Amino acid sequence: MTRQIVVTGLGVVHRDAASVPEFLDWLLPGGGLPGVPRHMDTSAFRAGRAYAVEPAGVRKRLAGRLAQTGAAPVSEIEADCAGHGLLAAAEALASAGLGRASRAGCGCSLATTSGGLMDRFQDAVDDEDGTAEDFGDTVLPGAASAILARSFGLNGPVASFSCACASSSVAIGFALSRIRHGDAQVMVAGGSDRMRPADFAGFNALRAMDRDSCRPFSADRRGMVIGDGAAMLVLEAEDHARARGAQVLGRIVDIGLSLDAHHITHPNPDGLARAMREALDRAGLDPEAIGYVNCHGTGTPVNDKVEAEALAEVFRDPERRPVISSTKGATGHLLGSAGAIEALITVLVLREGLVPAMATTGDPIDTGFPMPGNAGPRRVAARYAMSNSLGFGGINSSIIFATAD
Amino acid sequence: MSEDIVITAVDLVLAGQDPPPERPQATGAALGPFRIETICDPAEPAGAQRSRHTPLSARLRASLDALASRAGLSAEALAGPATGIVSGSCYGTSLVHDGHRQLRAAGPRGLDAVGFAQATHNYPVSACAIELGLKGPCAAVAGSRLAGMQALLCAFDWLRERRCDRVLVAAYEDIRGAVADHVAVSRPDAGVVREAMVTLCLETAAAAQARGIVPLARLRSMTVLPPAAGQSEAVEEFLGASGLVDLARALSLRVPAGAEVVAIAHDDERGGVIAKLSPWSAQGEIAA
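Residue numbers (the working numbering), protein chains in the order written: chain L, 8 to 412; chain Y, -2 to 285.
One or more of the hints may lead you astray.
Looking from chain L toward chain Y, a few residues come up when the C-beta cut is under 8 angstroms (computed) [unchecked claim]:
| # | residue |
| --- | --- |
| 1 | Gln129 |
| 2 | Val132 |
| 3 | His270 |
| 4 | Phe376 |
| 5 | Phe399 |
Listed next, the stretches of chain L that the computed footprint assigns to chain Y, with coverage defined by at least 3 CB atoms under 8 angstroms from CB atoms of chain Y [stated by the list, open to error]:
| # | stretch |
| --- | --- |
| 6 | 135 to 148 |
| 7 | 345 to 358 |
Listed next, the stretches of chain L that the computed footprint assigns to chain Y, with coverage defined by at least 3 CB atoms under 8 angstroms from CB atoms of chain Y [what the hints assert, rightly or not]:
| # | stretch |
| --- | --- |
| 8 | 19 to 33 |
| 9 | 81 to 91 |
| 10 | 152 to 162 |
| 11 | 198 to 210 |
| 12 | 295 to 305 |
It should be emphasised that the hints constitute simulated quantities derived from the structure, not laboratory data.
Only a predicted model underlies this, so the values are computations on that prediction, with no experimental measurement involved.
For glycine and all other residues, C-beta sits at the position ideal for the given N, C-alpha and C.
All chains, please: the whole structure from these sequences, using the hints.
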């Protein structure tokens, strides 16, 4: 029999929220609009607005939060590299009731896109300011996972994934496998990422960014708005969680993974449909069992069209379709952390019975699926929900979550 | 046998060994008390593939072609959802890191759309998946010396979870540009740091049997170890490809039937991953 895995902790860092309760209160009415980053000059880019987390604020909060959770302090460079992830993991571990003594054997599976401080290292090399050696392994793409593991005393499996915007979902899938195959009882899984000038340059070059706001599934959508931050889920074997009396926040049922084999940046409905079907098959569920789908929903003309086609292929009965939404209009696209924050939102939707408003979607297209309006959250009674992620290169993932009971 | 997971082919390209004919050996830039050796790439693919491939993805594609040939896999057999692909690398794709310098040098328009799309750590596996029509699961592990072995672990997971019938596993390093700078700064005592490209075909014994292929080895188990300080430094360092280089070399030794092959990758902060294999029979041979 497959080992049951539950969610026992959640943590989030976003521009407008420093904790899950704050995030939920902010998100349900529709979140906020992007702004001009203060710590990075984006004025030279066609679209330069974002959901930028202030590094100074992260540093300020970090020392106290780490001390509260019995975590070892980190250096300034480590804080710059993994600060978002450290804060989110501290909240997740605290909400799971996992103090330092109970974290031995826990693992860590993280996601990033271009993680690590290679950009700052190059500046130090090129400017010959004598600090290049100080960066050590914080330059590596997987640096955040090692910093988290060391600071929180997680000495189980530690891994880092970089699969474009599907990174977090793949990391969550790896964590699921580590628990199922007996390598760990508890895994901290999620994403920690920060924006870089290259992200603005690249997405602008692709004409994939909207200057003002992200409007998923809206007729006037023009692209994404990027952001940085982190989200973490504590995944745990149910028997282990029950034995220690942990509160179960939800269940992770299974994941579907697929490739489009189509195009590097242009998604194909067949690939995502296969990921969703695989997730449903593995969960032993009919499509009608799903009450809510958190879509990848980047707000680009192509993504949202293709995603709606894929959904229609899987959820064929127009009378029994789940509520769908994209929360990127509220949170922005958090790059490697996107799948993690959307997995977290999916768990919250199941717990609250509310789908956040899509405040920026003023002129919704006919997807054939019920969606929340732009004025307030939509009530949904769902036992199961799905979180979809797509990444450059045609990587698709679909995770199914269930309510705690 | 039908439940067994087996390796049916391996391809191994190491910097400093077996240079391609009619080309000078790779750079081998001397940087202080150690040196970095890079792989000398074959000529770029011609025609339509040229624009799609980066040097690294072209190197991976060449390795996968050799792998498929050794595994007796036709294009038709490879294509579709039965085949997945996964890569592991410590630094990932060097193009991801080089974008920052490009911007510094050329300003906000210093990155073009194609270059940005190629600057993801999963680009090499995705580009090859598109060409080969692979539609199974896919991942790119990046960021530590364990990456290659963790890629093998992902493949092992997907097969024992019955997500697909085979997975093409790749481990490599791409030591160019900013990555080479960092290797030079951070590993002055490592002896020689060498690029590698290792690929192997991991599949169910039933899938191999259906093609009449004799496997090289059975992958019996994979174990995750906790961190332990004080592990000795290798004098020959392949970074994220380390574990799979060892595995490929061990399998090429024609280990007698009944013996066990153990490959280990270790990282002081992240622990280790061990793969235990049994040679399938004396008939298996790896061209490495």
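Status of each hint after checking the structure:
1. Gln129: holds (5 angstroms)
2. Val132: Result: holds, 5 angstroms to nearest chain Y Cβ.
3. His270: Holds - the Cβ of L:His270 comes within 8 angstroms of chain Y, reaching about 7 angstroms at its closest.
4. Phe376: violated (25 angstroms)
5. Phe399: holds (5 angstroms)
6. 135 to 148: holds (count 8)
7. 345 to 358: violated (count 0)
8. 19 to 33: violated (count 0)
9. 81 to 91: violated (count 0)
10. 152 to 162: holds (count 5)
11. 198 to 210: Holds, because 7 residues of the stretch 198 to 210 of chain L bring their Cβ atoms closer than 8 angstroms to Cβ atoms of chain Y.
12. 295 to 305: violated (count 0)
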